[in-house]
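Engineer: Next come the chains, spelled out residue by residue.
There are 2 protein chains.
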Amino acid sequence: MNVIVGGGVIGLSVAWRLAREGLPVTVVDPAPARGASHAAAGMLAPVSEVSYTEEPLLRLGAASLGRWPAFADELAADAGLDEEFGGSGPGEAARRGLDLRADGTLDVAFGADDLAALDELAAFMDKLGLRVERLTGRECRRLEPMLAPSVRGGLLAPGDAWVDPRRVTAALLAALDRLGVPLVRARAAGLLRDGETVTGVRLDPAPGVAARELAAERVVLAAGAWSGELAGVPVRPVKGQIMRLRSPQPLLGRCVRGTVHGAPVYLVPRGDGELVLGATQEELGFDTRVTAGGLHELLRDARELVPGVTELEVADVVAGLRPGTPDNLPLIGAGEAPGLVLATGHHRGGVLLAPLTAALVTAGLSPGAEILTGEEGELAELCSPARFREIS
Amino acid sequence: MNVIVGGGVIGLSVAWRLAREGLPVTVVDPAPARGASHAAAGMLAPVSEVSYTEEPLLRLGAASLGRWPAFADELAADAGLDEEFGGSGPGEAARRGLDLRADGTLDVAFGADDLAALDELAAFMDKLGLRVERLTGRECRRLEPMLAPSVRGGLLAPGDAWVDPRRVTAALLAALDRLGVPLVRARAAGLLRDGETVTGVRLDPAPGVAARELAAERVVLAAGAWSGELAGVPVRPVKGQIMRLRSPQPLLGRCVRGTVHGAPVYLVPRGDGELVLGATQEELGFDTRVTAGGLHELLRDARELVPGVTELEVADVVAGLRPGTPDNLPLIGAGEAPGLVLATGHHRGGVLLAPLTAALVTAGLSPGAEILTGEEGELAELCSPARFREIS
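Heads up: the protein sequence lines correspond to chains A and B, in order. If you're matching positions, the first sequence starts at 7 in my numbering and goes up one per residue. If you're matching positions, the second sequence starts at 7 in my numbering and goes up one per residue.
Just so you know, these hints were derived from the structure itself, not from any lab. This one's a predicted model, so the numbers in the text were calculated from it and none came from an experiment. We put the CB at the ideal spot given by N, CA and C, even for glycine. A portion of the hints provided could be inaccurate.
[To be verified] Ranges between beta-carbon positions, derived for each pair:
1) B:Glu-60 x A:Pro-213: 31 to 39 Å
2) A:Asp-293 x B:Arg-184: 40 to 48 Å
3) B:Glu-90 x A:Glu-342: 37 to 45 Å
4) A:Pro-213 x B:Arg-191: 31 to 39 Å
5) A:Pro-213 x B:Thr-142: 53 to 61 Å
6) B:Gly-95 x A:Ala-217: 36 to 44 Å
7) B:Arg-40 x A:Phe-91: 34 to 42 Å
8) B:Met-152 x A:Asp-293: 54 to 62 Å
9) A:Asp-183 x B:Pro-254: 37 to 45 Å
10) A:Asp-183 x B:Arg-208: 33 to 41 Å
11) B:Met-152 x A:Ala-118: 55 to 63 Å
12) A:Gly-117 x B:Met-152: 29 to 37 Å
13) B:Arg-208 x A:Ala-217: 58 to 66 Å
14) B:Glu-98 x A:Glu-219: 49 to 57 Å
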């Protein structure tokens with residue numbers, strides 16, 4: 007039995023891919039799909055999110071974005087979304103059922119300093135062979151007429167995409183249910199060990215759950231920000247507050263990002279008219295309070311980008327905890343103890359990196375799996391949990 | 007039978023006082039205590055809310071504030087709050103059960119223009135014989151250490167008070183229940199008439215309500231912003247958005263008000279650590295959406311007054327509709343049609359004016375009531391619905 011600790015987008019994706027391979031799987035989570043995945047905006051934007059020091063993260067993101075269309079199509083089929091959106095063309099179930107869209111991200115600039123930074127970023131992306139287009143302020147407003155008049159230029163990453171994470175986790179839960187994967191709604195309180203070897207998980211008491219322990223050949227730790235507490239891995243909570251607005255008609259045709267008052271802000275439009283504003287980044291430990299200051303920051307900065315947001319209704323405000331790591335790269339692969347596999351530390355990239363993470367874990371755990379080779383091997387190396395063991 | 011249309015703070019107060027006099031009463035409201043009273047901050051601040059053109063409103067407010075302590079004590083007793091807070095001293099049940107506090111309001115100023123306006127207001131209040139104290143910025147911060155350093159002066163109205171409107175309406179509902187007053191949870195769709203005379207109300211279908219009509223000798227219209235639709239009186243909805251924050255320890259010892267970016271903002275501290283930020287004033291018809299712009303305005307302005315609010319958790323955000331009138335004075339007394347009594351149009355002052363309104367309506371409807379005389383007569387004259395009939 008493979009016990010997956012954590013029912014967020016990572017844990018559910020891993021569980022789904024393992025179950026598809028015919029491996030026995032159980033998922034443990036007291037509240038599946040209600041953690042960071044519930045708060046996530048769902049940007050699949052490795053290009054516009056790149057920064058100079060994070061070329062490895064860009065490689066991971068680009069590789070995972072490439073896997074998203076097939077991942078979404080298969081998920082839509084396994085979750086029964088094909089039936090709901092029956093008769094539609096290829097990719098339609100993923101597009102309508104998961105709100106997967108690939109209309110690009112527009113990164114905008116206000117002042118002269120911002121513009122200079124965009125120019126440098128464009129040059130850097132060129133060097134990496136990434137598709138971007140440098141736009142004037144006028145060209146930006148032609149693409150997105152609701153942008154503030156003060157926007158002076160932008161960088162369009164036409165290959166970036168986005169998806170609705172709540173629909174994705176709902177589809178994953180439906181697919182797991184159809185595959186007969188048990189979901190244990192209890193909190194994993196700790197790991198069971200036989201000497202060094204991890205042999206299962208200990209459960210907190212929960213309504214309707216009789217078992218107090220689950221034995222496992224392998225425990226896959228996908229507990230997000232709580233992974234550090236369970237297995238001592240270097241993962242810390244990074245709080246994010248996010249707001250969902252309701253728009254009678256779509257204000258934007260694509261994701262829009264910018265840096266306002268020194269803080270990054272983004273707006274993600276959904277197919278149903280919802281507009282997501284995100285997100286604060288706060289180092290406050292396990293604090294999930296929605297605060298006056300957090301909302302103020304989001305609203306102030308979003309207004310600078312798209313003044314029309316002020317007219318929109320506030321539908322939802324949530325705070326979530328991203329699982330941050332010291333180098334902003336995830337931890338995927340064999341843990342220090344035999345029997346423990348890590349799939350955590352995805353920080354801001356859990357939704358984007360879910361297909362790649364599930365593929366790497368599945369490849370490592372499938373019967374007869376060898377050491378990964380080629381590009382997969384290189385990507386796996388970047389995420390290897392061993393990098394922190396070597397340091398310490 | 008006296009049918010009270012509207013179960014907000016005004017309708018419930020009128021019903022309670024009439025029932026106490028032994029008059030037969032029924033209250034009609036599809037969702038009692040969930041309208042403007044639910045959104046209200048509960049400032050009982052006639053002095054600090056005064057403006058030059060509104061001396062009549064100040065008279066009404068001061069008269070009603072004077073009635074609040076006895077009103078609250080009797081309400082606490084009738085609602086059984088005395089039992090809950092048994093053994094405590096006089097006024098304790100009202101103080102603890104209704105969160106009635108009388109620690110004053112501090113109106114603060116930032117710029118030179120604001121200070122000059124405060125000086126003029128102080129002089130005006132002096133002329134009216136009202137108790138106010140002009141304070142320096144340092145004195146303001148000595149009273150309220152969490153005030154922004156940029157506060158340059160203030161005006162303290164030590165006699166102003168405040169109360170928790172949600173506790174007040176809950177207590178009124180409890181008192182009515184104990185007095186056996188029926189509450190019909192249906193919407194009054196219109197007035198029944200026999201010629202000119204109002205003879206009852208027509209009800210919309212509602213779960214558990216068999217009656218489609220309620221006959222009445224008198225209909226008291228206390229339907230707030232919806233009064234205009236029901237009886238053609240000059241009442242319009244004035245939208246207000248308000249936010250409740252949760253504070254581990256109280257940030258403020260009294261109500262604090264100020265004008266920021268030209269808009270008035272106030273902060274009302276509750277006994278349980280809650281801090282209420284209010285309120286937008288928007289002329290948008292029957293629109294109760296909480297909007298991005300509304301929240302932004304509240305948060306931005308509250309931060310200017312008390313920067314520490316940014317750390318507080320957001321507990322609740324609501325929008326309500328104040329019943330505005332052309333002259334900002336309420337409509338209390340006989341309507342144009344026989345059988346119709348008005349108790350509506352209280353705009354921002356429903357909670358403050360509830361005791362006076364209930365007293366005026368009760369005095370007018372009690373058996374053997376004569377035309378009101380003395381101060382009550384003068385106050386009743388100010389609120390008389392006849393003033394709009396004479397104009398038209």
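Engineer: Against each hint, give a clear statement of whether it holds in the structure.
Structural biologist: Hint check:
no.: 1; hint: B:Glu-60 x A:Pro-213: 31 to 39 Å; verdict: 57 Å, violated
no.: 2; hint: A:Asp-293 x B:Arg-184: 40 to 48 Å; verdict: 43 Å, holds
no.: 3; hint: B:Glu-90 x A:Glu-342: 37 to 45 Å; verdict: 57 Å, violated
no.: 4; hint: A:Pro-213 x B:Arg-191: 31 to 39 Å; verdict: 33 Å, holds
no.: 5; hint: A:Pro-213 x B:Thr-142: 53 to 61 Å; verdict: 59 Å, holds
no.: 6; hint: B:Gly-95 x A:Ala-217: 36 to 44 Å; verdict: 56 Å, violated
no.: 7; hint: B:Arg-40 x A:Phe-91: 34 to 42 Å; verdict: 39 Å, holds
no.: 8; hint: B:Met-152 x A:Asp-293: 54 to 62 Å; verdict: 21 Å, violated
no.: 9; hint: A:Asp-183 x B:Pro-254: 37 to 45 Å; verdict: 42 Å, holds
no.: 10; hint: A:Asp-183 x B:Arg-208: 33 to 41 Å; verdict: 50 Å, violated
no.: 11; hint: B:Met-152 x A:Ala-118: 55 to 63 Å; verdict: 38 Å, violated
no.: 12; hint: A:Gly-117 x B:Met-152: 29 to 37 Å; verdict: 34 Å, holds
no.: 13; hint: B:Arg-208 x A:Ala-217: 58 to 66 Å; verdict: 60 Å, holds
no.: 14; hint: B:Glu-98 x A:Glu-219: 49 to 57 Å; verdict: 53 Å, holds
When the structure is compared with the earlier hints, violations turn up for hints 1, 3, 6, 8, 10 and 11 and for no others.
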